[in-house]
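Q: Please arrange chain B on chain A, whose structure you already have, making use of the hints.
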Amino acid sequence: MPKHYRPAGKKKEGNAAKYVTRSQAVKGLQVTLPLFRKMCIWKGIFPRDPKKKIKGNHQTYYHTKDISFLHHDPLVDIHRDIRAQDKKIKKAYSKKNKPRAVRLEEHKPTYNLDRLIIERYPRFIDALGDLDDCLTMVHLFAALPTLQNEKVEVKHIHSCRRLSHEWQAYISRTHKLRKTFISVKGIYYQADVDGQKITWIAPHSIQQVLTEDVDFNVMLTFLEYYETLLAFVNFKLYHSINVKYPPMLDPRLEALAADLYALSRYIASRSKEQDNHELASQVDESQLTLAQLQHQLAPSEPGALMHLIEEAETVDEADEETKECRSLFKDTKFFLGREVPREPLLFVITAFGGTISWEGDGAPFEESDPSITHQIVDRPTQNHMFLSRAYIQPQWVFDSVNARIILPTEDYVVGRVPPPHLSPFVDNEAEGYIPDYAQKIKQLQDAARIMPVPEVGNEHQDNTQNIVLDGVADRIEANKAAEMKKKMSAGQKQFHDELKMEVEGVSPATGTIKNVKVTTDPDESDKEQISEHPDMSEMTMSRRKRGLYESIRINKERKKAKVDVIESRKRNIKESQK
Amino acid sequence: MGKNRAKKVKRAWRNISTKEFDDYNEKATRDANSGGSLASAPSDSLFVVDKSTDVPVRRKIEKKREKVLRFESVLQRNPFVKAVPSSILKKLKKKDKTVDLAQDASKDDDKKGPESGKFDIWDDQGKVNIKGKKKANPSLIPAVEVEPPGCSFNPENESHKDSLALAVAEEMKKIYKKELEPEPIPLTVPGEPVTEDDRYFLEVDHEDDDDVDEMDEENQTEDQINEDENRKSKEKRITTVVKNKRIRRKEQQKAEAEAKKIKDLSKEIDSIPDILQEIAKEDEEKKNRHLRRMVAKEERLKSGPPRLGKRKFEPAPSQVLLTEEITGSLRKLKACCTLARDRFKSLEKRGILVPSAKRSRLV
Chain A
1 MPKHYRPAGK
11 KKEGNAAKYV
21 TRSQAVKGLQ
31 VTLPLFRKMC
41 IWKGIFPRDP
51 KKKIKGNHQT
61 YYHTKDISFL
71 HHDPLVDIHR
81 DIRAQDKKIK
91 KAYSKKNKPR
101 AVRLEEHKPT
111 YNLDRLIIER
121 YPRFIDALGD
131 LDDCLTMVHL
141 FAALPTLQNE
151 KVEVKHIHSC
161 RRLSHEWQAY
171 ISRTHKLRKT
181 FISVKGIYYQ
191 ADVDGQKITW
201 IAPHSIQQVL
211 TEDVDFNVML
221 TFLEYYETLL
231 AFVNFKLYHS
241 INVKYPPMLD
251 PRLEALAADL
261 YALSRYIASR
271 SKEQDNHELA
281 SQVDESQLTL
291 AQLQHQLAPS
301 EPGALMHLIE
311 EAETVDEADE
321 ETKECRSLFK
331 DTKFFLGREV
341 PREPLLFVIT
351 AFGGTISWEG
361 DGAPFEESDP
371 SITHQIVDRP
381 TQNHMFLSRA
391 YIQPQWVFDS
401 VNARIILPTE
411 DYVVGRVPPP
421 HLSPFVDNEA
431 EGYIPDYAQK
441 IKQLQDAARI
451 MPVPEVGNEH
461 QDNTQNIVLD
471 GVADRIEANK
481 AAEMKKKMSA
491 GQKQFHDELK
501 MEVEGVSPAT
511 GTIKNVKVTT
521 DPDESDKEQI
531 SEHPDMSEMT
541 MSRRKRGLYE
551 SIRINKERKK
561 AKVDVIESRK
571 RNIKESQK
Chain B
1 MGKNRAKKVK
11 RAWRNISTKE
21 FDDYNEKATR
31 DANSGGSLAS
41 APSDSLFVVD
51 KSTDVPVRRK
61 IEKKREKVLR
71 FESVLQRNPF
81 VKAVPSSILK
91 KLKKKDKTVD
101 LAQDASKDDD
111 KKGPESGKFD
121 IWDDQGKVNI
131 KGKKKANPSL
141 IPAVEVEPPG
151 CSFNPENESH
161 KDSLALAVAE
171 EMKKIYKKEL
181 EPEPIPLTVP
191 GEPVTEDDRY
201 FLEVDHEDDD
211 DVDEMDEENQ
221 TEDQINEDEN
231 RKSKEKRITT
241 VVKNKRIRRK
251 EQQKAEAEAK
261 KIKDLSKEID
271 SIPDILQEIA
281 KEDEEKKNRH
291 LRRMVAKEER
301 LKSGPPRLGK
311 RKFEPAPSQV
321 LLTEEITGSL
331 RKLKACCTLA
341 RDRFKSLEKR
351 GILVPSAKRS
361 RLV
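Here the protein sequences line up with chains A and B, keeping their order. Quick note: the first sequence, position 3, residue 3 per my numbering, numbers continuous. Quick note: the second sequence, position 209, residue 209 per my numbering, numbers continuous.
A couple of the hints might just be wrong.
[Unchecked claim] Only pairs whose alpha carbons sit at most 27 Å apart, straight line, appear in this in silico BS3-like list of lysine-lysine:
| hint | chain 1 | residue 1 | chain 2 | residue 2 |
| --- | --- | --- | --- | --- |
| 1 | A | Lys18 | B | Lys302 |
| 2 | B | Lys310 | B | Lys177 |
| 3 | B | Lys297 | A | Lys51 |
| 4 | B | Lys358 | B | Lys178 |
| 5 | B | Lys177 | A | Lys65 |
| 6 | A | Lys562 | B | Lys174 |
| 7 | A | Lys560 | B | Lys297 |
| 8 | B | Lys312 | A | Lys185 |
| 9 | A | Lys179 | B | Lys332 |
| 10 | A | Lys570 | A | Lys440 |
| 11 | B | Lys135 | A | Lys197 |
What the hints contain is simulated information worked out from the structure, not anything from laboratory work. Just so we're clear, the structure is a prediction, and the values are computed from it rather than from any experiment.
Isolated chain A, as found in the complex (with noise of 0.2 Å):
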């Protein structure tokens, strides 16, 4: 239609132009109600709430710009040509026709997705930061059964049980596992790739109940759509860790349902060989610009040239966060019980490191293996106690691994109700209140950071990332103003001090950090002191400004009370107990 020529009737501007009903849409593009359904779904498209309904309230409405980039997908071409193939099959075989519609079956036209992924995410890290909802859809229909009447064949969950393993391969392998809560709908996961922070949540290891409000037709649509994404995103993410996509695995372990088990196998041994190729040609390189440097630097500069390979080392390694994550559970070696849930703990154990076998054929290792340092057991009784072993429930791990620490393991020994699991997604801080096994936590946490931990390897670096974290420990320990700490710690910050000293020498950038650190302090001071009156500056504040301040102080004002709530009844507790 030309530009200048509107029918009769048509508004040429507002509300009435821009949007048009859901029935109005499906008239214009001429295909059918749940064709339109699916489309919008896989083009991203959604419903509108404009400010004058014109058709009424009880429509649901659509932007006009929406419905014309739909009408140019060639999807619905395609579309129209399947359902005009199925027609004639239906008319073949109510002919008696049966080689025609067979002849027709197999010339279906067909389509795939692809295209709408590169159109709706036109960037990889677009698609890693909407990978929430895909991956909590093929974590759910990976455990749910078949139902002939909801169209959920046996086809789409097999594929969202694959999927779903090789990403949680892919994320235990890398360590970018970050929290875990296990709360009463399933165990929420979120794991960092790429500076993307991405949550899921997997369900409980259960027959799932299907209430009748879900309508699984949409549900299979989104299926469709989130089964190709994570298709290339898991192919992408292989790659970059040089593991061929899609994965071969060993069969038999395929049949013992350990499909995850035999995925973390395959991909360490191929990113071995792929290692060892890297490595052959890395340490030539870096022997090679070892040598160049030296001819270039003086050699009156050890410590600089110090300071380079240490650099050159940690460029190829991953971020401070990873590595802790990837050290947690060097030392352990878990056995787990029957009765625990296997895939889980299969998944959070090797993401941070540990080595992990379980009760069952194509098991790594056995039971009665005089390394095991922790067995997880769910039951009240154990057939054989080994003695050099922690027998411990599963919420152990799951605690440790949220705290980033080993906890002690006699609170969550076998029989005895363990502290509670505390969700890692509140930040306690901002909330205020501080369940007491948070704060147990805590000092833990500091103990831990304040020990000395020399290790063998790079013991240099080690202590340069004790004095930045202990920079970050010490605004804390000022804040909560624990005298005692103080005391205790005088003689360690003494020797970091020293040793600090001795860094500044070396590497001057880590000094600087750390005062950098020491004068944020007072800036954060001054912060709460405009906040206590705001007088002065509310004046000067513009009106969006001033509302967002208003709602910030309201805010802070409701939880202060909250927490006034809750002390005040902890306190009435004590006294009533007393």
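A: Frame of chain A, contents of chain B only:
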């Protein structure tokens, strides 16, 4: 005999064909007419190879169009003058389109080649990188909302109480709402059906009412007649004295009104600062109202979607363990197993799906 033989010879002579001679004669005469024999002429003179490109016959209009106008020739001669495109935006759009087409073409190639999910879709090499933008999410609500710490399988006492209180409050709200609803119309009404005699009495009552109305109407007409008579008696002739009086009075009133007007005006001028203050006050109020509305709207959008269709979004009940259900053991956990519903509700909550009615599943 001799005569016979001669006859025979003559007959034989007659039988010899003269076609050759005839043909020759014919040819000779034709050549003489056309101006030379074709056989002897060289082929170049007979045929011409058409080397010019095939040019269609031009119409008059096209010829006219080809004509270079004076200003064009002037511009053409100047190498520093560049042609200005009519609209830069349009051109850019066109370029984008061509890029898209190229991409589509490459996609088509891919369709035959690698299987879906088995090639690097974000690989920029060899493909035109479209500078597309990621589509914005419809709502501020995250895809996966982390539950409060009270929903843990082994929660801390305080946070569990909080979450439980929230869940209980939700349930109580539902109950109160049901209680406060107007009573439904009962299916059966206690009492006896109205008999025919009673109905007759009821009708009679109704008739009585009609009589009263009639009476009222009669009274009204009487009143109207009286009024008309009064009006007639009042209408009398106006004398000049009265007229003058009236005129004078009118003028006086006019003067008074003017004086009053001036007074009012001066009063209003005096009260300008007050008015200004009032306006400022009103503006402030308006602004505050607007701000409040904006904040409220944003808050609302954070907790749920806008109204997108016939039905309102109803959040799923939160999943908290009861106090007696907390065992601290993962094995004995009485977990909820409705993650499918949770996902579906999340889609509805984020405004991607339109909330729909509950449907009964065919089992």
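Q: Indicate, hint by hint, whether the structure satisfies it.
A: Right, here's what the structure says about each hint:
A C-alpha spacing of about 25 Å is found between Lys18(A) and Lys302(B), which places the hinted pair at or below 27 Å, so the restraint holds. Distance hint between Lys310(B) and Lys177(B) is fulfilled; the C-alpha atoms sit about 21 Å from each other, no more than 27 Å. The suggested pairing of Lys297(B) with Lys51(A) holds, with an alpha-carbon distance near 13 Å, which does not exceed 27 Å. A threshold of 27 Å between alpha carbons decides the hint, and for Lys358(B) with Lys178(B) the separation of about 19 Å falls inside it, so the pair holds.
The hinted pair formed by Lys177(B) and Lys65(A) fails the criterion: a straight-line CA distance of about 41 Å is larger than 27 Å. Distance restraint check for Lys562(A) and Lys174(B): the Cα-Cα separation of roughly 25 Å lies within the 27 Å cut-off, and the hinted pair is therefore satisfied. Using a Cα cut-off of 27 Å, the hinted pair Lys560(A) and Lys297(B) holds, with the two alpha carbons roughly 25 Å apart. For the suggested pair Lys312(B) and Lys185(A), the alpha carbons sit about 24 Å apart, so the restraint of at most 27 Å is met.
In summary, the hint linking Lys179(A) to Lys332(B) is supported, as the alpha carbons are separated by about 23 Å, within the 27 Å threshold. Restraint check for Lys570(A) and Lys440(A): the C-alpha separation of about 17 Å stays at or below 27 Å, so the hint holds. Restraint check for Lys135(B) and Lys197(A): satisfied, since their Cα atoms lie roughly 19 Å apart, inside the 27 Å limit.
The earlier numbered hint that this structure contradicts is number 5, and it is the only one.
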